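S.K.: Here are the chains, one letter per residue:
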Amino acid sequence: MNVLYFAWVRERIGVPRESIETNAATVNELVQELRDREERYAAAFADTSALRVAVDQELTGFDASLDGVQEVAFFPPMTGG
Amino acid sequence: MRIVVQEEPFDLGEATTSFASNRKDMGAVVTFTGIVRDTGDTRLKSMEIEHYPGMTEAALGEIAEEAARRWSLGDVLVIHRHGTLVPGEMIMMVATAARHRKQAFEAAEFLMDYLKSRAPFWKREVTEQGAFWVAARDEDEDALTRW
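Residue numbers (our numbering), protein chains in the order written: chain A, 3 to 83; chain B, 94 to 240.
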């Protein structure tokens, strides 16, 4: 699965994207897996209420299923316009 | 309907003239243009706009389609830049064409409210005091509830 990071999430994790092998069933499970992996992930995912998630480029919630998903992106609230 | 996401500047006059031309059934065209503003106290040197290629175009397209449905628009144009911009540069524009001005104005406001907090762009201000990610404002999220 491709995992993408934007803005300060990208800066904290240190890469814009990576390929991750996971059995996580939901976004929340993936987040917990990443947190347990290394301190930089724990720092980036410390407060998920400050984050947004898109699954296959659709904005969704952290309880979303990862069944058949190719791409997950994490980022702060958007500031367009 | 046209959605453009680009790094290079756009020509507001040319885009507006082209959008407003050859419309015999639409009586109103409204445009909004966003400009990089130096608030003065932070001494903004530049603004860096990051986006999510692919999702950006899709999200803008969905927002524009929703506006076109709600206000029976004849056409919608959204141009949004990314990359490094300096104060005074135009960041983005929207244009709406409708039979009457009320629909065109309302649809333009709707587009702006939605693309502030639903289009995947992130702004980073580079100032004389350092660089900071612009935080989303609660008012921007609250603005969506009126639609």
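It is worth saying that the hints were derived from the structure and are not from the lab.
Note that the coordinates shown come from a computational prediction; the quantities given were computed from them, not determined experimentally.
Glycine included, each C-beta is placed from N, C-alpha and C at the ideal position.
Possibly wrong hints are sitting among the right ones.
[Said to hold, decoys possible] Not everything, but these chain B residues come out facing chain A in the computed CB check (under 8 Å):
hint, residue
1, PHE112
2, VAL123
3, ILE128
4, VAL129
5, GLU143
6, ALA161
7, HIS173
8, GLY181
9, LEU208
10, SER210
11, ARG211
12, TRP215
13, VAL227
[Said to hold, decoys possible] Covered stretches of chain A (in silico footprint by chain B; criterion: 3 or more residues with CB under 8 Å from a CB of chain B, positions within the stretch not fixed):
hint, stretch
14, 19-25
15, 34-45
S.K.: Take the hints in turn and mark each one as holding or not.
M.R.: Right, here's what the structure says about each hint:
At its closest, the beta carbon of B:PHE112 sits 19 Å from a beta carbon of chain A; the interface hint therefore is violated under the 8 Å criterion. Given hint, B:VAL123 at the interface with chain A, is violated; its Cβ is 16 Å from that chain's nearest Cβ, farther than 8 Å. At a threshold of 8 Å, the smallest CB-CB gap from B:ILE128 to chain A is about 11 Å, leaving the interface hint violated. For B:VAL129, the interface hint is violated, since its Cβ never comes within 8 Å of a Cβ in chain A; the closest pair sits about 12 Å apart.
Residue-level restraint check for B:GLU143 holds (minimum Cβ-Cβ distance to chain A is 6 Å; threshold 8 Å). For B:ALA161, the interface hint is violated, since its Cβ never comes within 8 Å of a Cβ in chain A; the closest pair sits about 19 Å apart. At its closest, the beta carbon of B:HIS173 sits 7 Å from a beta carbon of chain A; the interface hint therefore holds under the 8 Å criterion. Restraint check, B:GLY181 versus chain A: the minimum CB separation of about 17 Å is more than 8 Å; hint violated.
Taken as an interface hint, B:LEU208 checks out: its beta carbon lies about 5 Å from the nearest beta carbon of chain A, inside 8 Å. Interface hint at B:SER210: satisfied, since its Cβ lies 6 Å from the closest Cβ of chain A, which is below the 8 Å cut-off. Evaluation of the B:ARG211 hint against chain A yields a held restraint, the C-beta minimum of about 7 Å falling below 8 Å. Taken as an interface hint, B:TRP215 checks out: its beta carbon lies about 4 Å from the nearest beta carbon of chain A, inside 8 Å.
The interface hint given for B:VAL227 holds, since its Cβ lies 5 Å from the closest Cβ of chain A, which is under the 8 Å cut-off. Counting residues of the stretch 19-25 of chain A whose CB lies closer than 8 Å to any CB of chain B gives 0, which falls below the minimum of 3, so the coverage claim is violated. Residues of the stretch 34-45 of chain A with a Cβ under 8 Å from some Cβ of chain B number 0, which does not satisfy the need for three, so the listed coverage is violated.
Going down the numbered hints, you'll see the structure goes against 1, 2, 3, 4, 6, 8, 14, 15, while the others check out.
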